[in-house]
Amino acid sequence: MLSTFALDTQVIKKGLCTGCGACQGMCPYWGSKDGRTICYFDCERHDGRCQAFCPSMPTDYKALREKFFDPASVIPEMGPFKALYVVRAADASIREGGAQHGGTVTALLEFAMKNGFMDAAVLGGEDEKGNPAGVFATTVEEVRKASGSKFKIPPTLATLNKALAADEYQKIGVVATPCKAKAVYKMKSKPLPERDNNADNIGLVIGLFCGWGLEWDGLTELSAKTTGGEKVSHSDILPSKYHSMEFTTTSGTKSVDLDEVLPLVRDVCKTCDDMTCEFADLSVGGARTGDGWDVDKGWNQVIIRSEKGEELFKAALEAGVIEIRKTPEGALEKIKVASANKKEKAKEIS
Amino acid sequence: MEWTLTANEPGKVCLMQGNEAIVRGALEAGINFASSYPGSPSSQVLGMLGNVAEERGFYAQWATNEISALQGCMGASFANARAICIMKQNGLLVSADALFCGVQGGVKGGLVLITSDDPDAHSSTNEFDSRNFAPAAEAIMLEPMTMQETKDMIPYAFELSERHHQLVIVRVTTRICHGRGNVVLGELPEKAHPIQAVDEWDRMNCVCYEHQATLNKLKAVQEEFENCPFNTYQGPEKAEKLIITSGTGKLYAKEAISRLGVAENVGLLALGTLWPLPEKTITSYMKEAKEVLVLEEVDPYLMTQVEAIAGRYGLNIKFSDRGTNVGELSPDEVLKAISALTGAAIPEKRVKQNEQGEKEPLIRRELTFCAGCPHRATFYLLKKALRSEKIPGISIGDIGCYFMAGGEAGFFGYQVCNAMGSGINVAQGLGQLTSYGLNQKVVTMCGDSTFFHTVMPGLLNASYHNSDMLMIVLDNSATAMTGFQPHPGTGITAMGKTVEPMSIEAICLAMGCSVTIADPFDIENTQQILLDLLQQKGLKVLIMKQPCATLKSKQGGPKKTVRVNPDKCLGDGCGCDKFCSRVWGCPGNSWDFENGKAVIDPVSCVGCGVCAKLCPAGAIEVEGGAEE
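Chains as they are written, first to last, in our numbering: chain R, 1 to 350; chain V, 1 to 628.
It should be emphasised that the hints constitute simulated quantities derived from the structure, not laboratory data. Please note that the accuracy of each hint is not assured.
[Said to hold, decoys possible] If you want the ones that stay clear, here's a sample from chain V, every Cβ over 10 Å from chain R, calculated: (1) Thr64; (2) Leu93; (3) Asn231; (4) Thr232; (5) Gly323; (6) Gly406; (7) Gln440; (8) Val499; (9) Pro501; (10) Leu531; (11) Val606.
[To be verified] Here are some chain V residues pointing at chain R (derived, C-beta under 7 Å): (12) Lys254; (13) Ser388; (14) Cys574; (15) Gly575; (16) Lys613; (17) Pro616.
[Unchecked claim] Under the rule of at most 25 Å between Cα atoms (straight-line distance), these lysine to any residue pairs were calculated in the SDA-like manner: (18) V:Lys384 x R:Arg45; (19) R:Lys308 x R:Glu128; (20) V:Lys383 x R:Gln170; (21) R:Lys162 x V:Ser514; (22) R:Lys162 x V:Asp567; (23) V:Lys568 x R:Thr248.
Because the structure is a prediction, the values reported are computed rather than measured. The beta carbon of each residue, even a glycine, is placed where N, CA and C say it ideally should be.
Whole structure, please, built from the sequences with the hints as guidance.
Next up, the structure:
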């Protein structure tokens, strides 16, 4: 079967496309608009990288995990595990800028780039028109500009693919949601050794906790309705007991009932069984420790998964760019429960 | 050939194309006025007339459409001018209202309408048989069978037209227009036909009380046609087996009769007067016949008429035909039909064979845009834009070179194509439904010549009713499909005069449309413009400006050299898969089978360099040439 046809019929038409961008940026046949993956023209290859990298094509994820992580470290509910920390950026300007919660990802990226852990980074950000897009950052300033959660999932891996093909940077860090991270590890496993698109240039992977992504059109409409069309600088989903989503603009923060948001959840996200981004060197999410939202909202929690992840985290901690507070008892258990919950729901749907 | 067209050497034998024979016939008739809209197979006629118009003292014009052309001729006829109007089959339909009314109004100076049919639709969207129009319009119709007849029939038609104060249609087909044959020249008149003042009480009105008078004219013409030299018969005096034909069928039948050796026992009645039919003449042959074979292409026009005649005269005849109403007649088909009629065996055929004794196959030529054609870029961008929509947008085509965009050449770039100027109207209808539940973008397109031809009223309608759609004007500064005839946007006339060109942009603005101008070769920007325009509600006009590649190469000048760097070329590898030659599909982008790499065909390539912008590996390099 043609690879373009396989992806179209087995992934896109079945509603399984995550919009991650792994199929894009390598050829003239694939592209995207408003979060939709589009095949412009058919390619006649049957063994395209598009198909090989797609996280929604049939994949033996257990084997993939064993290839990159210590099997003994795996916790069934949440994947490879070395440690859990409650963390925030030490620099208040990061936390109070556009960053999500504690600004840990931004702080780690900036530190990694300054200290040779990465020479560039690919992350979700915005294009010049303000639409969600992959960002290829080679400076700390560019990283800072892209900080903050998007909830619209941009095809970030298209940007990664282009950066890899250019072969100008050899330690490209990636900030990825679980679906994207799966694709990144598929790329790293070199399913097509002859055509690996310089996968060795992929550096540290910083995973992001993810409940779900939202449909672009619907979210645009909802935020416009909620804010009266003002530009949203920041948005967040509050802990479940608040049952709401917040949009922050220059004139303040407005919230909307989660019941208006949930219908916008992308279908494919309902089939996802990974909340904590199990394929990553370390994974970062909003803190949900039981200490209460007033405390937690300025903090992240970080799961260390690999030695490389641990190395970066410790160096950053030592350098004082991040700070930790005591991990409350039961925090790990809370993550396990939430994560197992997502796995259960995904199983029900698929 | 033009030296022949105006050479006053009666008796001289010249090898002429049918279209040239029409021109020569018109000159020998001393025409005063000629008007046409181009369309294959008769596109060349007015171009040639325009070139000699000044020398021969008459007026020639490319009208914006066929109905303007025909009604212009009617105006000229009212002042006793001899006027000739040339159009293709579809043009006859465009001018139908004028024709049907014109027949009831009658004419003063001779008015000859040439309609060229294209059986098999070699250069048309459809095949159509204009013969049926003659009885429907109650008009006179002639059809020549050879180049000589074509030339001779034009002055005859003018005289006939003036004798009966009625316009005369001369129907020709592709084989006549594009075929060649010997023509003996007649005399060119010293002066053009005299123009006369229009009297206060002269009338050319279409009014119902003229209907009987119109029918009376036909009766008189029918009487005349019983002795018309363009109706011929060959064969035994009393033929039990009779062939009735017209047009191309005559020569095919003559050849078949000779090859089958049946000249003694089969009669061949070839009719040059298609309406009214010489009923008495036909009956005189049919009443001797037991079997009649009617040879004609496309509609069963003659068959229906001769069967009716047989019925009126109570003749018991077995009728047969070629067995289909589709496509052109072929010599083989005629041979088979006459063999079946006469029982004569078909002689063995001589087929050109190669050394291995196999039939040499003809290389299949794909229907595609020329190398460097701006339409390819437009449809590439359009396809991407339409596919970028949540539900892919709807695309409506129109008539011109870009008709080919419906196939591979234009990435299957439209879904509906009706008649010339139809795109705007079809799209307008769809565009009104976006407020009634149709959740798709609607796009249509037209060329610059088509814009002037029939799009303007439709655009006005769409604008007035603010249809939610995008109209793309593919402005390549040419009537390219038919051979670069001047149109109102070109600033030149059929007689070579420079005039003020009409601005499509200004016309659209005057019609209240929002207008954007883009260059299809500016791939990145124009793609964004297209995507953005699709997001806007209401009627948008996008003028894609880039001259026709053929027009540019006609103008000459240094062309850029385009090359593939084989070290960078990904060939059929993942990441490209022969994108340039397989998908982009420009004839300039070829494939080197030996090395498995892309290659530029330097003969076809016009140096536009668009493929270099699209090559995913940046392997196509452009050098030299004039600055844009």
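ask   = Against chain R, does asparagine 231 of chain V keep a CB gap of more than 10 Å to every residue?
value = holds (57 Å)
task = Return the status of the interface hint for lysine 254 of chain V: holds when the least beta-carbon distance to chain R is below 7 Å, violated otherwise.
result = Constraint on lysine 254 of chain V not satisfied, violated at 52 Å.
query = Far enough from chain R: is every CB of that chain over 10 Å from the CB of threonine 64 of chain V?
reply = holds (37 Å)
query = Non-interface claim for leucine 531 of chain V: all C-beta distances to chain R beyond 10 Å?
reply = violated (7 Å)
task = Would you mind confirming whether the straight-line C-alpha gap from lysine 384 of chain V to arginine 45 of chain R stays at or under 25 Å?
result = Holds, because 20 Å separates the two Cα atoms, which is no more than 25 Å.
ask   = Beyond 10 Å from every Cβ of chain R: is that where the Cβ of valine 606 of chain V lies?
value = holds (22 Å)
message = Minimum C-beta separation from glycine 323 of chain V to chain R exceeding 10 Å: can you confirm that?
response = holds (40 Å)
key: Minimum beta-carbon distance criterion (7 Å), serine 388 of chain V to chain R   = holds (4 Å)
message = Take the shortest C-beta to C-beta distance between proline 616 of chain V and chain R; is it under 7 Å?
response = holds (5 Å)
Whether valine 499 of chain V stays farther than 10 Å from all C-beta atoms of chain R, as the label says = Given a closest Cβ separation of 43 Å, the condition holds.
request  = Quick one: work out the minimum CB distance from threonine 232 of chain V to chain R and report holds if it exceeds 10 Å, violated otherwise.
outcome  = Per Cβ check, threonine 232 of chain V is outside 10 Å of chain R; nearest 57 Å; holds.
query = Per the CB criterion, is lysine 613 of chain V less than 7 Å away from chain R?
reply = violated (11 Å)
Hints 10, 12, 16, 19, 20, 21, 23 from the earlier list are contradicted by this structure; the remaining hints agree with it.
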